[in-house]
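Please build the complex by placing chains B and C on the supplied structure of chain A, with the hints as guidance.
Chains as they are written, first to last, in my numbering: chain A, 29 to 308; chain B, 29 to 308; chain C, 29 to 308.
Some clues are possibly wrong.
Given that identical chains are not distinguished, each listed pair holds provided it fits within a single copy or across any two copies.
[Said to hold, decoys possible] Keeping only pairs whose Cα atoms sit at most 25 Å apart, straight-line, the calculated BS3-like set for lysine-lysine is: (1) Lys58 <-> Lys199; (2) Lys58 <-> Lys151; (3) Lys177 <-> Lys305; (4) Lys151 <-> Lys112; (5) Lys186 <-> Lys151; (6) Lys151 <-> Lys133; (7) Lys58 <-> Lys177.
Honestly, the hints are just simulated from the structure, not real lab data.
Read off the chains here:
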Amino acid sequence: MMNALVLQSDFGLEDGAVSAMKGVAHNVSKVIPIYDNTHDIPPFDIWAGSYRLLQTVGYWPEHTVFVSVVDPGVGSERKSIVAKTNNNQYIVTPDNGTLTHVHQKVGIKEIREIDEEVNRLPKSGASHTFHGRDIYAYTGARLAAGVIKFEEVGHECKIEEMAQLTFYDPKKQDNMISGTIDILDVRFGNLWTNISRELFLSLGINYGDTVEIEITNDIRRVYRNSMTFGRSFASIQIGEGVLYVNSLDNMAVAINQGSFAKAHNIGTGPSWHITIKRID
Amino acid sequence: MMNALVLQSDFGLEDGAVSAMKGVAHNVSKVIPIYDNTHDIPPFDIWAGSYRLLQTVGYWPEHTVFVSVVDPGVGSERKSIVAKTNNNQYIVTPDNGTLTHVHQKVGIKEIREIDEEVNRLPKSGASHTFHGRDIYAYTGARLAAGVIKFEEVGHECKIEEMAQLTFYDPKKQDNMISGTIDILDVRFGNLWTNISRELFLSLGINYGDTVEIEITNDIRRVYRNSMTFGRSFASIQIGEGVLYVNSLDNMAVAINQGSFAKAHNIGTGPSWHITIKRID
Amino acid sequence: MMNALVLQSDFGLEDGAVSAMKGVAHNVSKVIPIYDNTHDIPPFDIWAGSYRLLQTVGYWPEHTVFVSVVDPGVGSERKSIVAKTNNNQYIVTPDNGTLTHVHQKVGIKEIREIDEEVNRLPKSGASHTFHGRDIYAYTGARLAAGVIKFEEVGHECKIEEMAQLTFYDPKKQDNMISGTIDILDVRFGNLWTNISRELFLSLGINYGDTVEIEITNDIRRVYRNSMTFGRSFASIQIGEGVLYVNSLDNMAVAINQGSFAKAHNIGTGPSWHITIKRID
Numbered sequence: 029m030m031n032a033l034v035l036q037s038d039f040g041l042e043d044g045a046v047s048a049m050k051g052v053a054h055n056v057s058k059v060i061p062i063y064d065n066t067h068d069i070p071p072f073d074i075w076a077g078s079y080r081l082l083q084t085v086g087y088w089p090e091h092t093v094f095v096s097v098v099d100p101g102v103g104s105e106r107k108s109i110v111a112k113t114n115n116n117q118y119i120v121t122p123d124n125g126t127l128t129h130v131h132q133k134v135g136i137k138e139i140r141e142i143d144e145e146v147n148r149l150p151k152s153g154a155s156h157t158f159h160g161r162d163i164y165a166y167t168g169a170r171l172a173a174g175v176i177k178f179e180e181v182g183h184e185c186k187i188e189e190m191a192q193l194t195f196y197d198p199k200k201q202d203n204m205i206s207g208t209i210d211i212l213d214v215r216f217g218n219l220w221t222n223i224s225r226e227l228f229l230s231l232g233i234n235y236g237d238t239v240e241i242e243i244t245n246d247i248r249r250v251y252r253n254s255m256t257f258g259r260s261f262a263s264i265q266i267g268e269g270v271l272y273v274n275s276l277d278n279m280a281v282a283i284n285q286g287s288f289a290k291a292h293n294i295g296t297g298p299s300w301h302i303t304i305k306r307i308d
Numbered sequence: 029m030m031n032a033l034v035l036q037s038d039f040g041l042e043d044g045a046v047s048a049m050k051g052v053a054h055n056v057s058k059v060i061p062i063y064d065n066t067h068d069i070p071p072f073d074i075w076a077g078s079y080r081l082l083q084t085v086g087y088w089p090e091h092t093v094f095v096s097v098v099d100p101g102v103g104s105e106r107k108s109i110v111a112k113t114n115n116n117q118y119i120v121t122p123d124n125g126t127l128t129h130v131h132q133k134v135g136i137k138e139i140r141e142i143d144e145e146v147n148r149l150p151k152s153g154a155s156h157t158f159h160g161r162d163i164y165a166y167t168g169a170r171l172a173a174g175v176i177k178f179e180e181v182g183h184e185c186k187i188e189e190m191a192q193l194t195f196y197d198p199k200k201q202d203n204m205i206s207g208t209i210d211i212l213d214v215r216f217g218n219l220w221t222n223i224s225r226e227l228f229l230s231l232g233i234n235y236g237d238t239v240e241i242e243i244t245n246d247i248r249r250v251y252r253n254s255m256t257f258g259r260s261f262a263s264i265q266i267g268e269g270v271l272y273v274n275s276l277d278n279m280a281v282a283i284n285q286g287s288f289a290k291a292h293n294i295g296t297g298p299s300w301h302i303t304i305k306r307i308d
Numbered sequence: 029m030m031n032a033l034v035l036q037s038d039f040g041l042e043d044g045a046v047s048a049m050k051g052v053a054h055n056v057s058k059v060i061p062i063y064d065n066t067h068d069i070p071p072f073d074i075w076a077g078s079y080r081l082l083q084t085v086g087y088w089p090e091h092t093v094f095v096s097v098v099d100p101g102v103g104s105e106r107k108s109i110v111a112k113t114n115n116n117q118y119i120v121t122p123d124n125g126t127l128t129h130v131h132q133k134v135g136i137k138e139i140r141e142i143d144e145e146v147n148r149l150p151k152s153g154a155s156h157t158f159h160g161r162d163i164y165a166y167t168g169a170r171l172a173a174g175v176i177k178f179e180e181v182g183h184e185c186k187i188e189e190m191a192q193l194t195f196y197d198p199k200k201q202d203n204m205i206s207g208t209i210d211i212l213d214v215r216f217g218n219l220w221t222n223i224s225r226e227l228f229l230s231l232g233i234n235y236g237d238t239v240e241i242e243i244t245n246d247i248r249r250v251y252r253n254s255m256t257f258g259r260s261f262a263s264i265q266i267g268e269g270v271l272y273v274n275s276l277d278n279m280a281v282a283i284n285q286g287s288f289a290k291a292h293n294i295g296t297g298p299s300w301h302i303t304i305k306r307i308d
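So here's chain A without its partners, still in its complex pose (with noise of 0.2 Å):
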């Protein structure tokens, strides 16, 4: 059985780098299916990398195979590994904390070091800056294509000590929740934070009501002001702001048909705060 081989990287598409991944996976089986998630992964934003896996490996088969390269250790002693997941899918990527959020939302149940003798391009030895060709690409092709098994990736490794960034848990207090900015929805400035629609919901909040959004980052308070949580940008008028429920069933912010990020000049990490609060 094929399986899809789903691309990743922080390459961008404006060289051939993504074609000669293609080009291996291709030489590996000419009848896998090969996809991209996005290959406009900011450079070396392990995080965005990290996001865009999870918002993603849930809509595509049992079994995919996915490949992630933002791999600013490239040619350092961090490993290369596949990681199988609780919905055994696989992902290829560099063991940098790419799996974070993978790990924490969806949940990995093995870990397997590639093992570099056997999983890698014949002949691309001399070249210590493209893994993503000749080693992920490679060994992703094919794992998707049943050339080797998982336990032929490499020996086993402990996932306790796969490298992690830091992930923040939203917190509830009274009325109120207060979470972080994760990602932007890019091309339209809208604000994806980390507070879950369960979360939210248990404030008792109803389609239609008016909540107060507080946005912070570390050295200033960006934007507070009051709208409505709606159910979609269809529920408020063209211009005007609204909470509501995004694509992964997190709590966002938008302006409807305007760029909420451009407008407040706002930015995604860990060090940028969201608090949305009932207002009684």
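Positioned in the frame of chain A, the structure of chains B and C alone reads:
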């Protein structure tokens, strides 16, 4: 028989949205080929989405299923529909004007509203902002793979009640044709008008003849000069302007190896008028 | 046997041009796999197109058909050709220098001019500006699918009459090698030179040694400093410069996690000279 699924949106490729759509489609059928039209439709630009469909549908086979998601009204009462064209292709889209150009130039013979009770990704009910993934990609893939027939999409709607953008026809008067600048050949800055080659040739102009071009918007005259009607950019010097027949058989204006749009700050849409005049 | 079709152009992905090419190819054969090399070749940059082919062809299987459309002379008398390389791959392209790098580094053993009477999309005769769709994608797909044999492309041409860009070889003198900066690793701002690893190593330099790098263009000296020859970016501190062997086995210059090209305003092409000097 498996048919191609061709996806278009204003989502960009920077995040995981398009990958999630492809994952849903691939989950429906592991063998339908999935392609992209473009995902760089400017955000909420229904006109551009409509135009890019017209630009491409004719080059894909009968029974191809297109999914177009430019959807500023997601979550509102706007319908989700599937259109069957006169060439027996299908287009899955919100009913918001995306079908304007195909309806005018190719023709649509039947429209059905998507019955979301049946044709919606299972367990996707809590999110109201990503119908592209939960309804359109899912339904498009099921149609392409033959899991459902067109008749099973939902009940038939009246074509005359379909949402349409205002569509302007060019006008001929004496030795002159007036039209609009519909869209740009983005990468090269060429202007694509709504004036067909056939209508233009009725002025009695031949390759090598000189014409006068005037461009105005609602505020002022933006350009007025004469240029050659050439077979292609190669008919003129580098840096010179040329009137030519574009790849959709409409009249277009370019600077050879330069950008006419940038050179003269030209925009697109119904307020951008162009006049081509025969010089006697 | 079905072979892959790999498309490259300077069209970008913002409009429907690439989709139209894929539609034409898919119409020829519903089973050939269609991939992209890159469509972000800078407009009219034949040198970059030539380089991106060299960067990737070696990773794709024998009999793969590449289509490259960087075509400032579309509609002129320039020929349309198909080349067969020494590795039995095919490249469909305008005869304008796009084959320079592959000819120099891989070798071309036969060239045929496309006979447009036979090998042109039916009913596409009125447009003279989109040979990428009407001739190249169509012919490439027919070749990949086995609808036509290489001999049926058209009559054979002399390889020595093929258009070629000036190709510079690096020069060694005493303890120094001089070359040019051929292209950038765009996303990361690394400089890729035309100096091979083999030639460089003949200087007797080992990992960890310090070399002197000088970069000049035709006007002035742009950079002169010493840096380490490292296995990869991980050999040095973040923010430090490094000389390394790139993924094509040529010498390259980078700033670890920074952009050397932006830091020092470096361009590419024959007027951008680089000298690597052994320090004794």
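We went through each hint and held it up to the structure:
1. Lys58 <-> Lys199: For Lys58 and Lys199, neither the intra-copy (49 Å) nor the inter-copy (41 Å) Cα distance is at most 25 Å.
2. Lys58 <-> Lys151: This pair counts as within: shortest intra-copy Cα distance 21 Å, inter-copy 33 Å.
3. Lys177 <-> Lys305: neither (50 Å within a copy, 48 Å between copies)
4. Lys151 <-> Lys112: So Lys151 and Lys112 pass the 25 Å test across copies only (24 Å; inside, 28 Å).
5. Lys186 <-> Lys151: neither (31 Å within a copy, 34 Å between copies)
6. Lys151 <-> Lys133: Intra 38 Å, inter 17 Å, cutoff 25 Å: inter-copy only.
7. Lys58 <-> Lys177: both (18 Å within a copy, 21 Å between copies)
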